[in-house]
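Peer 1: Here's the letter readout for the chains.
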Amino acid sequence: MHRARLQTFDRPQAVPRPRRQLPVKLPARLPAKLPTKLPAKLPAKVAGAVTAAAVLLALAGCIPGPGKPPPPGPATSGTINWWSWTPTDAAVAKQYIAAFNRRYPDITVNFKLVAIDSWDAVLRPALASSSGPDVFDMEPGQRVQLFKGFAEDLTPVARKALGPEWKSRLATIGVNGLSHNGKLTALSVGQTYAGTLWINQPLFDKYHLEPPRTLAEWKHVCQVFRSHQQGCFVQGAAGAGFNQDTLQAIADSVEPGIWTRASKGEAKWTDPSIVETFRIWKDLFDSQIMQPGAIGYQQFPDANNDFLTGKYAMIMMGTWYMINSTRTGMQSSLNAAGVAHPKAFPIRPVPFPDVGGKGNPAGLFGDADYGLSVNIRSKHRAAAETFVRWLATSTEGQQAVADSLLDPPSLQSVKPRYDKITMVDDARQKPWIKKLVSQTSTVSEPRMSLMNNDVSTAMQAGASGVATGQLTPRKAAELMQQAADAAAAVNR
Amino acid sequence: MTTALSPRRSEPGTSESAGDRPSARSTRHPTRPPSGLGWILPALVLAVGLIYYCIGYTGFVSTLDWDGVSPDPPSVGLRNYQRLLADPIFWKALWHTLLLFVFTFGIQTMLGVLFAALLHSRVRIGVLYKVLIFIPVVLAPAIMAPVFRQIYAPDGEFNQVLQHLGLGFLAQPWIGQPSTALPVIIAITIWQWTGVNFVLYYAAMGQIDESTVEAARIDGAGNFRVLTSIVWPGVRGTTLALAILSAIGALKTFDIPYLVTIGGPNYATEFLGTYIYRMTIPQAHVGYGAALSVVLLIIALVIAAGFQLRGREREVPRV
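Protein chains in written order, with the working numbering: chain B, 1 to 492; chain L, 1001 to 1319.
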């Protein structure tokens, strides 16, 4: 018996397969000879045909599109899902939602925080399927290009909320960055501006230093800090976004507006001022203003944590850092940075030094920090519009945004209520923050919204290459121009 | 039962008798399904549906200029492949993959054989050593990446150790400069995967006939000679399997470089996996990313086939 079983394994073709074992049940009228052939041939043919058809159908239908919108649902009740990369502190988003629910108690808002690094990977398939969020964050620039097809045009919503002059009542920079060919893909919740340095004021006080106004002063300040074993300036130069802030600030110091003109295609990236920008960038590394290993650092969490833990005294951040002026915001950030015994300290925004040495005033540049888009496929579009309209255009919603100090609000009539905000050092910090917020009202230079993704990648490659000495400033500028030319050719 | 096993009981002219004569079977029943089709059908459907469909779909996408969401992406034919051949980052990533394979396979093999040989001798608390060697294999890279970022930071533990040893002049930002970032990634990979080599070599060495080793010792062979002339040839099959796994692992490398250095600085630790992700997700060049994926698949297949053929060629003389 055992032997017979072994033989069976060795020669499987010898096992008889009676007709009754065939899986297909045959019709009674078929000729007697057919059954042995039909079931044997059919599976191969059917399988081939089914496979081919399935592959063709699948391939033909695999490119997703927005499709036809479903009915909008009720406007004052229901459950909506809001996917967001910011506010990164979920407690801030919950404050917004709690304030919203005081006005609209029958709309439940589920907030889902997604890391910005994973944003595209998460949102793209979700929007392409029918399981996407009802409301999602939108960033000016490349993401408007990418997700515009899935976002409802919110122009009627804005007009209904603010009247025919709605554009003039909102921050221009927020509307422009989130619009595409006349379609308002999202309503800006608040703006974000960069071009400032933030300093650890107690460390400057400790060593009797003033914020640097020129490149020479910056080098001196860093020299003093280093002589006391204290880190000076920290930058997460591994990522393109924050490097762009620094490069744009340098470029504005060399020739105001040149970066924006090059972004628009009105000037070449190989312009001498851009080459000079990269040369100064290199100088920041050579003169050890940049910390050792900066191009392996990420702004979040590395550089941010190092600044908050006091390892370094200066960092390149924008208005999103205002929240760390508040006592609760600073405490929350210190906890997130893993500080063992967190002790809040006052931070101060200072203008970017005149590194070009031409006396040009430091400027700010900005965009909508984020807008809220309504998913065109949402089954709760009306409720989603209610939420977006409330947060982005109502005085009540915008006041909640302003008071969080995360972003300067979009609605121009709303200002932060400083008397209701507790800062780490009220007496010193409130004037600094008030001044910064007032400066933002006149900013017209965009930050990210004009930058093509490929040009941004080339910029990062150029910046890293120059920093490590692998590229000359001229070559880095040429890389950017080549990417811009290629992108322009694609668009044509 | 006996009846069922005998081929002679089959009727002439039926498929059963044809099973004894392959040539007759192929001419008279050319499309006869293989026996057991019903049993393998679920697996077949799963494989075709999930794996081969995805491969086919990726091939299809590689002919598009697609951002991943546009409903009507234009077809660009083979232009993505042309672009790939002229892309210096692609070649850089391929070079890094080769370096990673050479160093990780070489060093892991050496360490794996060494640890396995040592632990086959009488070692005190050998179980503890085995656990220690294998623990890195089960630790998720996502957990270890921040630890390594800290260790190799400019003020990290690695530099502190160097300074304590009087080697402070060697301290540097290890992952913050192109010249040292790749060696760090290679070191982390070796740390993580040496345990697998060790376990497989340890098991393979257990299969070597002890009498052969004893005979060699009687003939005067020392430890080194036994290791190189008896043990090493005896674990050749394991080495081959590990070579294939290491090569495919190197091609698929993603998590460690992405989590530790994000493929930088300045593409110094870019691998095919990280480059595919960079192109497909942040850059939204999904068609180009798909072309890179197809090339990755082809390279993996060629390498696997190459190793298999090489293994067979070596096996033939022994048979």
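Careful, some of the hints might be misleading.
[What the hints assert, rightly or not] Quick list of the computed label-pair ranges, beta carbon to beta carbon:
hint, chain 1, residue 1, chain 2, residue 2, range
1, B, Q482, L, I1135, 43 to 53 Å
2, L, I1143, B, G310, 20 to 30 Å
3, L, L1167, B, D283, 25 to 35 Å
4, L, W1095, B, A340, 38 to 48 Å
5, B, Q482, L, W1095, 15 to 25 Å
6, B, L113, L, I1135, 48 to 58 Å
7, L, R1083, B, D426, 16 to 26 Å
8, B, A121, L, W1039, 36 to 46 Å
9, B, Q229, L, L1167, 14 to 24 Å
10, B, R261, L, D1087, 51 to 61 Å
11, L, L1046, B, T79, 49 to 59 Å
12, B, A121, L, A1241, 48 to 58 Å
13, B, V339, L, L1167, 55 to 65 Å
Hints are computed from structural coordinates only; laboratory data are not their basis. We put the beta carbon where it would ideally sit given N, CA and C, even for glycine.
Peer 1: If you check the beta carbons of B:Q229 and L:L1167, does the distance land in 14 to 24 Å?
Peer 2: Holds: the Cβ-Cβ distance is about 20 Å, inside 14 to 24 Å.
Peer 1: Please check whether B:A121 and L:A1241 have a Cβ separation lying inside 48 to 58 Å.
Peer 2: violated, 33 Å
Peer 1: Would you say the C-beta atoms of B:A121 and L:W1039 sit inside 36 to 46 Å of each other?
Peer 2: Holds - the Cβ-Cβ distance for B:A121 and L:W1039, about 38 Å, lies within 36 to 46 Å.
Peer 1: Against the range 25 to 35 Å, how does the distance between the Cβ atoms of L:L1167 and B:D283 compare: consistent or not?
Peer 2: For L:L1167 and B:D283 the Cβ distance comes to about 30 Å; the hint holds.
Peer 1: A range of 20 to 30 Å was offered for this pair. Does it hold for the Cβ distance of L:I1143 and B:G310?
Peer 2: holds, 27 Å
Peer 1: Tell me if the beta carbons of B:L113 and L:I1135 are separated by a distance inside 48 to 58 Å.
Peer 2: At roughly 33 Å between Cβ atoms, L:I1135 and B:L113 fall outside 48 to 58 Å, so the hint is violated.
Peer 1: Can you tell me whether the CB distance of B:Q482 to L:I1135 sits inside 43 to 53 Å?
Peer 2: Holds: the Cβ-Cβ distance is about 48 Å, inside 43 to 53 Å.
Peer 1: Mind checking the hinted window 15 to 25 Å against the Cβ distance between B:Q482 and L:W1095?
Peer 2: holds, 22 Å
Peer 1: Within 51 to 61 Å or not, the Cβ separation of B:R261 and L:D1087?
Peer 2: violated, 29 Å
Peer 1: Please test the hint of 49 to 59 Å on the beta carbon pair from L:L1046 and B:T79.
Peer 2: violated, 36 Å
Peer 1: Given a hinted range of 16 to 26 Å, is it respected by the beta-carbon distance of L:R1083 and B:D426?
Peer 2: Once the Cβ atoms are compared, 57 Å apart, the range 16 to 26 Å for B:D426 and L:R1083 is violated.
Peer 1: Looking only at beta-carbon atoms, does the pair B:V339, L:L1167 fall within the given range of 55 to 65 Å?
Peer 2: The hinted range 55 to 65 Å is violated for B:V339 and L:L1167, with Cβ atoms some 31 Å apart.
Figure legend: structure checked against the earlier numbered hints; hints not met, in rising order: 6, 7, 10, 11, 12, 13.
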